[in-house]
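Colleague: Listed here are the chains, written in short residue letters.
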Amino acid sequence: MTVLFRPGFRDLAAIGVLTGRVLVVVGLVMLVPAALGMVWDEHDAAAGMAIGACTALIPGLLAQRYLPLRGDVTWTQGMVVSALAWLVAPFAGAVALFLSGHYGQFLDAYFDAMSGFTTTGLAVISDLDHLPDTVNLWRHLMQFLGGQGLLLTVLSLFSGGGAIVGMYAGEAREDKILPHVRRTARFIWRASATYAVVGITALVAALLLAGLPAGRAAFHAVVLFFAAFDTGGYSPLSSSVISYHSAAVEAVLVVLMLAGSVSFAVHYRLWTGQPGELVRNLEARVLAIVMGAFFVFIAFGFVADQVHGSVVELLRRGGFQLVSAQTTTGLSNVPTRLFSTSWGVVAPAGIVMAMTIGGMSGATAGGIKALRVGLVAKVIAAAVRRALLPADAEVVQTYHHGQRQVLRLQVARAATVVLLLYLALYLFGTLVALFYGYPLDEALFESTASASSAGFSIGIVSGTMPAGIQIAYILQMWVARLEFIAAFALVGFVWSMLRSPR
Amino acid sequence: MTVRNPRLRSGPVPLARAGTALSAAGLGVLALVLVTSWLRPSGDGSARPVLDLGDALRAAPDCPEPLVAEGERPPVDEVRVDVALVVSSPELVRCPRSYDGRSVAYEGEVVGAVLDRRDEAWFQVNDDPYAARDAGPLPSSGRFAGLNTGIGVLAPIEARDDVASVGGPGRRGAIVHVEGTFHRVDPRTHEVGIIRADRLRVVDAGGSMEGSSDPRLPVVALATAALAGLLVVLERRGTRR
Numbered sequence: 001m002t003v004l005f006r007p008g009f010r011d012l013a014a015i016g017v018l019t020g021r022v023l024v025v026v027g028l029v030m031l032v033p034a035a036l037g038m039v040w041d042e043h044d045a046a047a048g049m050a051i052g053a054c055t056a057l058i059p060g061l062l063a064q065r066y067l068p069l070r071g072d073v074t075w076t077q078g079m080v081v082s083a084l085a086w087l088v089a090p091f092a093g094a095v096a097l098f099l100s101g102h103y104g105q106f107l108d109a110y111f112d113a114m115s116g117f118t119t120t121g122l123a124v125i126s127d128l129d130h131l132p133d134t135v136n137l138w139r140h141l142m143q144f145l146g147g148q149g150l151l152l153t154v155l156s157l158f159s160g161g162g163a164i165v166g167m168y169a170g171e172a173r174e175d176k177i178l179p180h181v182r183r184t185a186r187f188i189w190r191a192s193a194t195y196a197v198v199g200i201t202a203l204v205a206a207l208l209l210a211g212l213p214a215g216r217a218a219f220h221a222v223v224l225f226f227a228a229f230d231t232g233g234y235s236p237l238s239s240s241v242i243s244y245h246s247a248a249v250e251a252v253l254v255v256l257m258l259a260g261s262v263s264f265a266v267h268y269r270l271w272t273g274q275p276g277e278l279v280r281n282l283e284a285r286v287l288a289i290v291m292g293a294f295f296v297f298i299a300f301g302f303v304a305d306q307v308h309g310s311v312v313e314l315l316r317r318g319g320f321q322l323v324s325a326q327t328t329t330g331l332s333n334v335p336t337r338l339f340s341t342s343w344g345v346v347a348p349a350g351i352v353m354a355m356t357i358g359g360m361s362g363a364t365a366g367g368i369k370a371l372r373v374g375l376v377a378k379v380i381a382a383a384v385r386r387a388l389l390p391a392d393a394e395v396v397q398t399y400h401h402g403q404r405q406v407l408r409l410q411v412a413r414a415a416t417v418v419l420l421l422y423l424a425l426y427l428f429g430t431l432v433a434l435f436y437g438y439p440l441d442e443a444l445f446e447s448t449a450s451a452s453s454a455g456f457s458i459g460i461v462s463g464t465m466p467a468g469i470q471i472a473y474i475l476q477m478w479v480a481r482l483e484f485i486a487a488f489a490l491v492g493f494v495w496s497m498l499r500s501p502r
Numbered sequence: 503m504t505v506r507n508p509r510l511r512s513g514p515v516p517l518a519r520a521g522t523a524l525s526a527a528g529l530g531v532l533a534l535v536l537v538t539s540w541l542r543p544s545g546d547g548s549a550r551p552v553l554d555l556g557d558a559l560r561a562a563p564d565c566p567e568p569l570v571a572e573g574e575r576p577p578v579d580e581v582r583v584d585v586a587l588v589v590s591s592p593e594l595v596r597c598p599r600s601y602d603g604r605s606v607a608y609e610g611e612v613v614g615a616v617l618d619r620r621d622e623a624w625f626q627v628n629d630d631p632y633a634a635r636d637a638g639p640l641p642s643s644g645r646f647a648g649l650n651t652g653i654g655v656l657a658p659i660e661a662r663d664d665v666a667s668v669g670g671p672g673r674r675g676a677i678v679h680v681e682g683t684f685h686r687v688d689p690r691t692h693e694v695g696i697i698r699a700d701r702l703r704v705v706d707a708g709g710s711m712e713g714s715s716d717p718r719l720p721v722v723a724l725a726t727a728a729l730a731g732l733l734v735v736l737e738r739r740g741t742r743r
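So the protein lines, in turn, are chains A and B.
Going by the working numbering, the first residue of the first sequence is number 1, and it counts up by one from there.
Going by the working numbering, the first residue of the second sequence is number 503, and it counts up by one from there.
One chain only, chain B, in its complex shape (with noise of 0.2 Å):
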């Protein structure tokens, strides 16, 4: 049984105007969603990026042994040679206990900001697509390679000098190539994760992004801004009278 609420004087919404106002805000959702796609800054194309990250979650990590069982003190009467292995901060990050105390060399840019510390400085040095020489940010790329990915470097003092340029909005960061030793606990900082850099060399300097603006987005912005201003004075005067 449908009771009619005695306070409503217009009465229920019939249904078909009912379902015609929901459909046409759905239209216009939709419509939107196809205006921005067109305004927004061109990619190459992909909608989804190239990687699949959630693989690796899927699929059971296969990591290396450990260099020192944990627990274990390492054998002191054994001539060791470490060979710095080149890594990459997912495998850093999936397998911290097989790399832990191992020597690494790492390759990324340097993004965020340069933190000095008396005689050592932090560097975050991602090594995701973002960081590639030959592609870049996504601003100037425009490729999607999904998330950033990276690692804290402590690196000595001198090294900061050297790195001119940190990646952040409207610049790619200096790609450095650094050497050292990983620490699934730093026990000196006590830092989770990070890579202590013996040496620290620029590969590439960085810069400035490049990239032309978009005059399509400045058009739209003024256009609505003078859309909503007109209905901001006209609301003024109705509320005036």
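This is chain A alone, in the form it adopts within the complex (with noise of 0.2 Å):
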């Protein structure tokens, strides 16, 4: 006996209302670039962006009047409003893109506005480097949002509704800082504002250094904090970080990165004066060891492949991008192509395993997370010692993350199965650029940065990319970034909603 219950009309105008507000956040935001290129003289990019910002109110404010929200919201509800929010959100950022002139198709904008929602940072813009800064700071404000969560933003602004915990858990954060997801909101917002006052002067300082004019240091600053501590990856510039040639602005970038890989909840446990969570921590054990053991692997593959032969070249073109590749961030200070045509074969292997893991979850990287790693490891460890101890001896395996915890069955169950589904979205992409033409290790590579929201590019993700690569590295972004549950739930959602009675 299946039983599935079929949505009703309460149900939808929920899911209206909420998704409303996520649009009318949205638009308030590209109010703000609107409103800066006026200043700035652009005034065609402040049209277009004034544009996109009522293509997002208009229907947001239609639903917060015209549909009702009675009672409390179920989590089925919360959770497919997440996963209509991943997709509507991007619709309306692609509106101002592709009113810029700078994308061929719609398609081509909603791409990048996907890319800079979910902190992927792939891009398909055409000329970029004379692109208006209007848009540009577009760009990265959809990186800022969607790295602090665009439900977690709706959850600040608007009051009420009991889908709080379904539409926070449904954009794959589940932890809970503080007893009240609102105060937890909260927090994130104090701690990223903190970082950002940090680390844009870090950036301004670097970037005068490196002889940037006062007022490019101070744009770039601002978006490249967005890029680093928000892991996007979006550069100002086409030739990413390289265009600094500065060791000083990568060394800031470097610390903006592991700051924004790290979950916020280990920043709380920072900020209120637990430094020891650092050390016993799980996740950043995992973190620690695989990135120790990633960096060794690049350093081999660069003496064994004659890339690099001192140790100044090895920390900061191996370093660099192994940082930005564990932490999916996808900032880059060597052309990503020589990945496969300089690199050899096992530093970009390492590139590909640092990715495919990622950052700690309840943080705004991506990838399989090193919770979940680690979680399997102990999992592991846990089988291998009760197969060597007596039948009857009872093995409990714990591990520290907020607190000790014992790794109970569903937990250790659902760390597998979300790992095995990253593994399969990896490979999904793959088959698809397979079946396109593209060589193996190219098309696992960019598959792997796609899904895993790193944002590296060796080639394949461009302006003639085509269109089946684009929706499959769509989908996979966008599936992503929601951890499957929530995706899943508005697919059974739809469903259910179209079976006919029986």
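By construction, these hints were calculated from the structure, which means they are not laboratory data.
From the three backbone atoms N, C-alpha and C, an ideal C-beta is built for every residue, glycine too.
Careful: at least some of the hints might be erroneous.
[Claimed, not checked] Beta-carbon label-pair distances, calculated as ranges:
(1) B:724 / A:288: 51 to 61 Å
(2) B:704 / A:300: 44 to 54 Å
(3) B:525 / A:71: 54 to 64 Å
(4) A:303 / B:536: 48 to 58 Å
(5) B:529 / A:467: 18 to 28 Å
(6) A:198 / B:525: 44 to 54 Å
(7) A:70 / B:526: 40 to 50 Å
(8) B:724 / A:198: 56 to 66 Å
(9) A:274 / B:715: 28 to 38 Å
(10) A:276 / B:724: 30 to 40 Å
(11) B:536 / A:312: 53 to 63 Å
Bring the two chains, given one by one in their own frames, into a single complex with the hints.
Modeller: Okay, structure coming up:
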């Protein structure tokens, strides 16, 4: 017997209102670059941004006015809103991008908008180096909104609704740092604002030192902060971080990328005077181990394939790229095409593995997440211990994630399932690119970069890429950002709505 | 078996209405795409760039022989005449070892910013189709030609005085002709994939981009802003009651 609840009008109304709130937030944020565009004399770009903002505001406001929201909102509704919001928000963002005239097709603009909101950083924009600052700022604001969390932003600004927990979790945030989700959201904003002040100041100083004029240094500092702390990877210039030829800029970006990939729960403990969390936390330990291992791997590759010979080059190129890959940021201080033409085989493999794992859960980073890798490793360790101990011995595995916890079967199963789903997602994108005739190593690299939201591209992603691959990567970015569950909830919801009644 | 959710008072959405709603949403999306296609700055009509960079990935790279094999020292007692090869940035990035240490000639548009470093200066020089003198950047030419491609050039500081315009929002950068040595990894600065220039000559001074504003954009922007403003006013009045 299959029991399926058919959605009713109240479900649709609740989903409409909550999705509308997301659109209102996106529209309000778009007004910022629109206003600045008028100040910067980029009138066409400002007009395009205003149209994009209204494209989001009008349906959002109509939903608030005419759709009823009565009673508690269910967990399922919250999940569906999460999935729908991450489809609809990029659509609104794409309108402003498309009106800039730098995209050949709307699908290209939607790809970049999805890439921005999901903090992936892959881009198909044409002639980025002549893009108006208004539109460039919007590209980076999408990363900021997406990195902080679309639903998190809504929860911070709007009151009411029992969907809070469902929406929060649907956006792949499981850490309840403070007892109330809204207080958690506000702490995240406070922490981010602090990092913004410090990070942007440091970047301005480094960019001035690099030789950038003051006005450009300020603009680049702001957008680079969004790219690094929100692990987005968009750059204001097509040559990414290479443009600055500055170890100081790269050093500041490394700190910001690492800060962005640390979960806000760990940030909270650091803020409240519990630095020991960094040592005890399972994710921090996993990241330290894998990054150390991958760094050795990359160093070996550099030496074996005669890529770089000096320690300075190893640290600057290998170290920066490793941090950028592990945090799934995607900023680059080498032309990424060199990964396949000059880095040999071993070092790029290290980059791919780093992207695959990604950063911490509850942070802005993507990938499988260090927590799941750590939990699965503990499951394997427990299985080995069980095999070696007497049959009636009881093996209890524990881990530290905020507090000491027992590794329960449900948690272990969930971690393993999501890990396998990620691997399937990487495989899906690889198969699509292979179908279009790309070599295996490049298909695998690009698919991993897309699904892990790392955003490195070695050339498949471009304005000429086939639409089939574009759609596949869009799906990858969307599903991976939601970590599958909310996406499945939306599909199930639509299916149950369209199913014939029996 | 279908079980009605007992908490819902209004009942399940009929299949016909659900289908109609989804279809209407799809049509709305399509309409919005069509309207934005009509509104956006008109290009040369081609929706996709002319150059298919993807072909370069599918085909195996055909790189020239390196000047010196990896790990070997260049012969000291041979007289070598190193003729400057005319190169493009995709060639340099595709075959960095082949061009490592070679004299190259390169031409493109200065973009981003000129970065002073004591007695030298960094230039980012793009040689993509947007740098072409007959076409120019996308906002003025309307011609889609894919992503930007370029190389970092390190030139004597005196060269920065000749570059009056740097490409960016609303500006065409100076087109420069560079002759120098390509380094896969520069031994002094440790920068990757750069040209250390002996000579940098300005071929075209660049300047502000030409192009007229589209009158439709501000009209539509004002109209939609007025509608959004009206909705805000109605929403606030409804909240106060």
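Colleague: So, for every hint listed, does it hold in this structure?
Modeller: Evaluation of the provided hints:
1. For the pair residue 724 of chain B and residue 288 of chain A, the beta carbons lie near 55 Å from each other, so the given range of 51 to 61 Å is met.
2. The supplied range of 44 to 54 Å is met by residue 704 of chain B and residue 300 of chain A, whose beta-carbon atoms lie about 45 Å from each other.
3. Our hint of 54 to 64 Å for residue 525 of chain B and residue 71 of chain A is violated, since their Cβ atoms are close to 29 Å apart.
4. Against the hinted window of 48 to 58 Å, the Cβ-Cβ separation of residue 303 of chain A and residue 536 of chain B comes to about 56 Å, which satisfies the hint.
5. Hint check: residue 529 of chain B to residue 467 of chain A, Cβ distance near 21 Å, so the stated range 18 to 28 Å holds.
6. The supplied range of 44 to 54 Å is met by residue 198 of chain A and residue 525 of chain B, whose beta-carbon atoms lie about 51 Å from each other.
7. Look at residue 70 of chain A against residue 526 of chain B: about 24 Å separates their beta carbons, and that is not inside 40 to 50 Å.
8. Taking 56 to 66 Å as the suggested C-beta distance range, the pair residue 724 of chain B and residue 198 of chain A does not conform, at roughly 40 Å.
9. Range check, residue 274 of chain A to residue 715 of chain B: about 56 Å between beta-carbon atoms, so the 28 to 38 Å window is missed.
10. A beta carbon spacing of about 57 Å between residue 276 of chain A and residue 724 of chain B contradicts the range 30 to 40 Å that was offered as a hint.
11. Checking the proposed 53 to 63 Å range against residue 536 of chain B and residue 312 of chain A shows it holds: the Cβ atoms sit about 54 Å from each other.
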